[in-house]
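Given these sequences and hints, build the entire structure.
Protein chains: 4
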Amino acid sequence: MVTILGVNGSPRKYGNVSFLLNLALKGAEMEGAKVRIIHLYDYDIKPCLGCLSDDQYACRYPCVIEDDMRKLYEMVLESNGIIFATPIYWYAPSGVMKNFIDRLTVFENMLYIDGTCWTEGKVAGIIAVGNDSGGVNTFSTLMATLNSMGFIIPPWATAVFNKMSDITKERNVLLDAINIGRIVTMMSKRVEGLERKWFKVIGDQELENMINDIALTVNKEKNTQWPSRKKEILKLRKQQ
Amino acid sequence: MVTILGVNGSPRKYGNVSFLLNLALKGAEMEGAKVRIIHLYDYDIKPCLGCLSDDQYACRYPCVIEDDMRKLYEMVLESNGIIFATPIYWYAPSGVMKNFIDRLTVFENMLYIDGTCWTEGKVAGIIAVGNDSGGVNTFSTLMATLNSMGFIIPPWATAVFNKMSDITKERNVLLDAINIGRIVTMMSKRVEGLERKWFKVIGDQELENMINDIALTVNKEKNTQWPSRKKEILKLRKQQ
Amino acid sequence: MVTILGVNGSPRKYGNVSFLLNLALKGAEMEGAKVRIIHLYDYDIKPCLGCLSDDQYACRYPCVIEDDMRKLYEMVLESNGIIFATPIYWYAPSGVMKNFIDRLTVFENMLYIDGTCWTEGKVAGIIAVGNDSGGVNTFSTLMATLNSMGFIIPPWATAVFNKMSDITKERNVLLDAINIGRIVTMMSKRVEGLERKWFKVIGDQELENMINDIALTVNKEKNTQWPSRKKEILKLRKQQ
Amino acid sequence: MVTILGVNGSPRKYGNVSFLLNLALKGAEMEGAKVRIIHLYDYDIKPCLGCLSDDQYACRYPCVIEDDMRKLYEMVLESNGIIFATPIYWYAPSGVMKNFIDRLTVFENMLYIDGTCWTEGKVAGIIAVGNDSGGVNTFSTLMATLNSMGFIIPPWATAVFNKMSDITKERNVLLDAINIGRIVTMMSKRVEGLERKWFKVIGDQELENMINDIALTVNKEKNTQWPSRKKEILKLRKQQ
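In order, the protein sequences belong to chains A, B, C and D.
Start counting the first sequence at 200; every next residue gets the next number (the numbering used here).
Start counting the second sequence at 200; every next residue gets the next number (the numbering used here).
Start counting the third sequence at 200; every next residue gets the next number (the numbering used here).
Start counting the fourth sequence at 200; every next residue gets the next number (the numbering used here).
Simulated from the structure, these hints should not be mistaken for laboratory data.
Incorrect hints may appear among the rest.
Claimed, not checked - Result set (EDC-like, lysine to aspartate or glutamate): computed pairs, CA atoms no more than 20 Å apart in a straight line:
{"id": "1", "chain 1": "C", "residue 1": "K225", "chain 2": "D", "residue 2": "E405"}
{"id": "2", "chain 1": "D", "residue 1": "K225", "chain 2": "C", "residue 2": "D412"}
{"id": "3", "chain 1": "C", "residue 1": "K212", "chain 2": "D", "residue 2": "D412"}
{"id": "4", "chain 1": "A", "residue 1": "K362", "chain 2": "D", "residue 2": "D331"}
{"id": "5", "chain 1": "C", "residue 1": "K362", "chain 2": "A", "residue 2": "D254"}
{"id": "6", "chain 1": "C", "residue 1": "K368", "chain 2": "A", "residue 2": "D253"}
{"id": "7", "chain 1": "C", "residue 1": "K245", "chain 2": "A", "residue 2": "D365"}
{"id": "8", "chain 1": "C", "residue 1": "K419", "chain 2": "B", "residue 2": "D253"}
{"id": "9", "chain 1": "C", "residue 1": "K368", "chain 2": "D", "residue 2": "E405"}
{"id": "10", "chain 1": "C", "residue 1": "K368", "chain 2": "D", "residue 2": "E420"}
{"id": "11", "chain 1": "D", "residue 1": "K225", "chain 2": "C", "residue 2": "E405"}
{"id": "12", "chain 1": "B", "residue 1": "K245", "chain 2": "D", "residue 2": "D241"}
{"id": "13", "chain 1": "D", "residue 1": "K212", "chain 2": "C", "residue 2": "D253"}
{"id": "14", "chain 1": "D", "residue 1": "K368", "chain 2": "C", "residue 2": "D412"}
{"id": "15", "chain 1": "A", "residue 1": "K212", "chain 2": "C", "residue 2": "D253"}
{"id": "16", "chain 1": "B", "residue 1": "K368", "chain 2": "D", "residue 2": "D253"}
{"id": "17", "chain 1": "B", "residue 1": "K225", "chain 2": "A", "residue 2": "D412"}
{"id": "18", "chain 1": "B", "residue 1": "K362", "chain 2": "D", "residue 2": "E405"}
{"id": "19", "chain 1": "D", "residue 1": "K362", "chain 2": "A", "residue 2": "D365"}
See below:
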């Protein structure tokens with residue numbers, strides 16, 4: 200059985216972010232997931248100290264900061280999929296959601312410690328809600344970030360609502376939210392049991408040789424094609 | 200056997216974009232994929248006419264524009280995974296790559312015609328190469344776009360190179376490129392045979408009822424919690 | 200005399216963010232500005248509560264939250280130009296910088312209270328520093344945000360550094376930083392004395408009439424040109 | 200008298216992009232500007248060849264490509280302000296607008312040829328129109344790009360419309376559009392007569408010396424503060 204974690208980055212539990220997140224978790228349950236929800240504003244989450252800018256190896260799990268992330272880290276590790284639900288504050292996630300994201304670096308940076316990224320292969324969904332605009336800007340950066348942490352992004356992993364109308368009447372958005380829960384769960388089941396390490400192929404001699412061969416081939420092509428093009432440009436320039 | 204399509208959005212065949220794309224396709228072959236490459240600058244790809252802003256149902260496959268996209272559409276449909284390789288021109292894909300992306304709308308908009316998105320479930324990788332900066336800005340928008348077309352984004356689906364040094368000496372970037380090919384292929388195999396329609400659940404009565412139930416519950420909570428909060432804010436305001 | 204405020208969103212005072220910010224402020228002094236620097240990590244800055252999602256008029260200066268922003272708000276108001284210097288944490292500003300930005304909403308939302316935005320006409324510069332990538336993604340969202348708060352963005356208002364080399368040897372970046380200070384100051388002087396209210400023209404009857412006239416004209420054109428185009432598309436469709 | 204150029208990146212002349220652009224130009228005329236409009240789809244604009252990736256000095260005005268940009272380049276040079284109006288195609292400008300932007304690189308890259316950027320000090324406004332979302336994502340990248348070409352971004356330089364309702368009834372958006380014209384004009388007048396070269400300070404000996412001094416000071420601080428912090432982190436690590 201897969202576990203899906205819903206992360207609420209809004210200060211409200213009764214608001215639209217929370218509403219869509221609850222819908223998504225219902226969708227996850229429909230597909231057989233065990234679900235949990237956390238409201239970030241209920242926890243003490245201190246901002247990242249960026250230790251790795253002092254020393255690449257200083258950032259690793261567990262984080263040096265002693266706060267409520269200790270509990271939240273556990274929940275992240277226990278989850279197959281995570282749905283990040285955030286209000287849109289100035290075209291981006293709330294500062295609290297941002298702090299939570301930044302603090303996940305300890306998992307990603309394990310690449311330098313034990314050679315694996317501890318969030319690799321988890322599945323992500325994103326919900327973003329605001330009063331007017333910035334939904335896509337919010338989820339594009341979030342999606343890029345999560346993917347760089349090794350998350351899988353399943354099809355249509357996002358739901359955006361940024362109008363001031365009554366959300367309970369917006370069928371398409373409600374459907375998007377429920378589908379996020381469903382899709383994150385279905386994808387989580389699809390990849391369950393895969394060992395972490397899709398990414399890591401460092402030290403593979405066959406690969407090293409291949410790179411060298413391709414580099415050689417391409418360099419040869421460069422030496423024959425590149426100069427001729429440069430000449431061509433210079434020729435065009437002279438004619439002017 | 201899965202087919203991976205490499206799409207080169209650079210005017211150069213001997214340049215860094217093409218180099219990394221070729222590496223990625225070698226990585227795909229390592230995992231057993233059949234690969235193809237297309238150089239967009241070799242084709243006549245006219246810009247999108249945005250028909251759907253006249254009529255939501257006017258945009259559908261085949262596109263009304265008669266040009267080389269006719270051939271390229273076929274190749275897209277035949278592929279399980281697609282690797283989009285683009286130069287970084289002003290923090291974004293090249294105009295030619297952008298035109299190619301825009302023209303894929305005919306597949307996505309089939310949602311309104313036959314209820315399915317024809318790119319759903321395909322797997323995407325992204326390569327972005329430039330002289331200095333803008334790599335993340337390029338791939339975040341591209342990733343968001345492709346996901347909204349139903350593409351799956353596997354872990355670490357991106358390779359960026361934006362220095363002016365000799366790319367053949369940048370082992371990490373070469374490794375990233377090869378891994379994109381591998382990962383896109385592995386994910387393609389993992390989801391092979393899934394029917395299109397992960398997303399579409401319109402017309403499901405159980406779902407409709409569930410939405411109504413949740414909406415009711417949340418509305419109740421709003422009516423009990425929201426006013427008290429508003430009062431609280433007004434109280435704070437008065438004290439000032 | 201104009202005042203330029205440097206805002207450090209990094210946990211370090213001895214790091215690269217702080218270094219470039221100090222350079223920028225030297226550049227500002229070269230042009231005759233009075234400068235101040237604040238290190239956000241030294242202050243207690245609570246996250247935004249998003250009051251305006253409860254009530255559009257609830258968000259206004261002073262913010263209901265009682266914390267160190269009280270002091271910082273004053274400094275923002277007293278400044279003609281502000282240089283936002285942030286580490287790049289996951290392709291975006293640090294969570295602490297994000298909280299600071301979010302809390303500035305009280306000034307922007309004064310549009311609904313007294314008809315003016317209190318940050319209108321201030322001049323912004325941006326410094327973003329990281330280990331590898333995401334500089335453009337960081338400053339594009341930040342720039343869009345600040346502009347939507349009424350800030351002027353002078354030419355080349357950004358400096359990015361995202362390598363792991365010794366920054367003190369990167370002349371171009373150092374120059375960019377100093378220039379940000381100079382340019383923000385020069386622009387601040389150029390617009391000094393302008394009354395706030397460039398934006399606000401609500402209630403202008405001449406404008407209302409003009410809008411109506413143009414709307415009428417364009418509608419006429421639509422009625423003559425739009426249908427013919429629709430016909431054309433339908434005709435193309437039929438031929439397929 | 201200042202000249203404001205309106206650039207329409209939509210295939211439609213009767214659509215919403217064109218409508219808002221026309222409003223913006225009326226706003227510009229209200230402030231005394233001379234205005235011109237160009238519809239990019241009427242011109243043959245070939246995609247950028249990225250010459251500077253072959254040779255940094257190969258890209259310069261006039262561009263080696265002989266097409267209609269020859270005329271458009273002239274119009275850009277003659278303008279004090281430019282309003283870029285684009286449909287939102289997949290969270291970004293249309294491919295045609297992108298090609299136009301990419302081709303402006305010849306002006307920016309003059310920095311390497313004659314030491315000045317030929318678009319420096321021009322003023323930019325942005326209009327983005329779509330059916331649903333992506334407005335902010337579109338203008339944030341565009342704004343970052345134009346600023347990196349030396350454009351000034353005046354307060355509230357953007358208007359976004361992304362609903363399917365009748366635009367002629369959306370007073371706020373119409374007002375935003377007119378204001379863009381006004382503000383771009385007002386700012387153009389404010390900076391008229393400034394010599395190009397705000398940015399360029401290369402070769403300034405005083406500046407070089409200053410950089411060296413600051414670098415020395417900061418390095419000293421690093422040597423005293425950095426090690427202690429590293430020790431502190433290591434100490435924390437050991438306690439775990």
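To see whether the hints hold, each was checked on the structure:
Distance hint between C/K225 and D/E405 is fulfilled; the C-alpha atoms sit about 12 Å from each other, no more than 20 Å. With a CA separation close to 11 Å, the supplied pair D/K225 and C/D412 stays within the 20 Å bound. This hinted pair checks out: C/K212 and D/D412 have alpha carbons roughly 18 Å apart, not beyond 20 Å. The suggested pairing of A/K362 with D/D331 holds, with an alpha-carbon distance near 11 Å, which does not exceed 20 Å.
At most 20 Å may separate the alpha-carbon atoms for a hinted pair to count; C/K362 and A/D254 meet this at roughly 14 Å. For a cut-off of 20 Å, the pair hint linking C/K368 to A/D253 stands: about 18 Å separates their Cα positions. Taking the CA atoms of C/K245 and A/D365, the gap is near 29 Å; set against the 20 Å cutoff, the hint is violated. Distance hint between C/K419 and B/D253 is fulfilled; the C-alpha atoms sit about 16 Å from each other, no more than 20 Å.
Restraint check: the Cα-Cα separation between C/K368 and D/E405 comes to about 17 Å, which is no more than 20 Å; the hinted pair holds. Distance restraint check for C/K368 and D/E420: the Cα-Cα separation of roughly 17 Å lies within the 20 Å cut-off, and the hinted pair is therefore satisfied. For the hint pairing D/K225 with C/E405, the CA-to-CA distance comes to about 12 Å; that is within 20 Å, so the pair holds. For the proposed pair B/K245 and D/D241, the alpha carbon gap of about 13 Å is at most 20 Å, so the pair holds.
At most 20 Å may separate the alpha-carbon atoms for a hinted pair to count; D/K212 and C/D253 exceed this at roughly 40 Å. A hinted pair counts as satisfied when its Cα atoms are at most 20 Å apart, and D/K368 with C/D412 qualifies at roughly 13 Å. At roughly 12 Å between alpha-carbon atoms, A/K212 and C/D253 fall within 20 Å of each other, so this suggested pair holds. At roughly 18 Å between alpha-carbon atoms, B/K368 and D/D253 fall within 20 Å of each other, so this suggested pair holds.
Restraint check for B/K225 and A/D412: satisfied, since their Cα atoms lie roughly 11 Å apart, inside the 20 Å limit. The straight-line distance between the Cα atoms of B/K362 and D/E405 is roughly 30 Å, outside the 20 Å bound, and the hint therefore fails. For the given pair, D/K362 sits about 16 Å from A/D365 by alpha-carbon distance, which is consistent with the 20 Å threshold.
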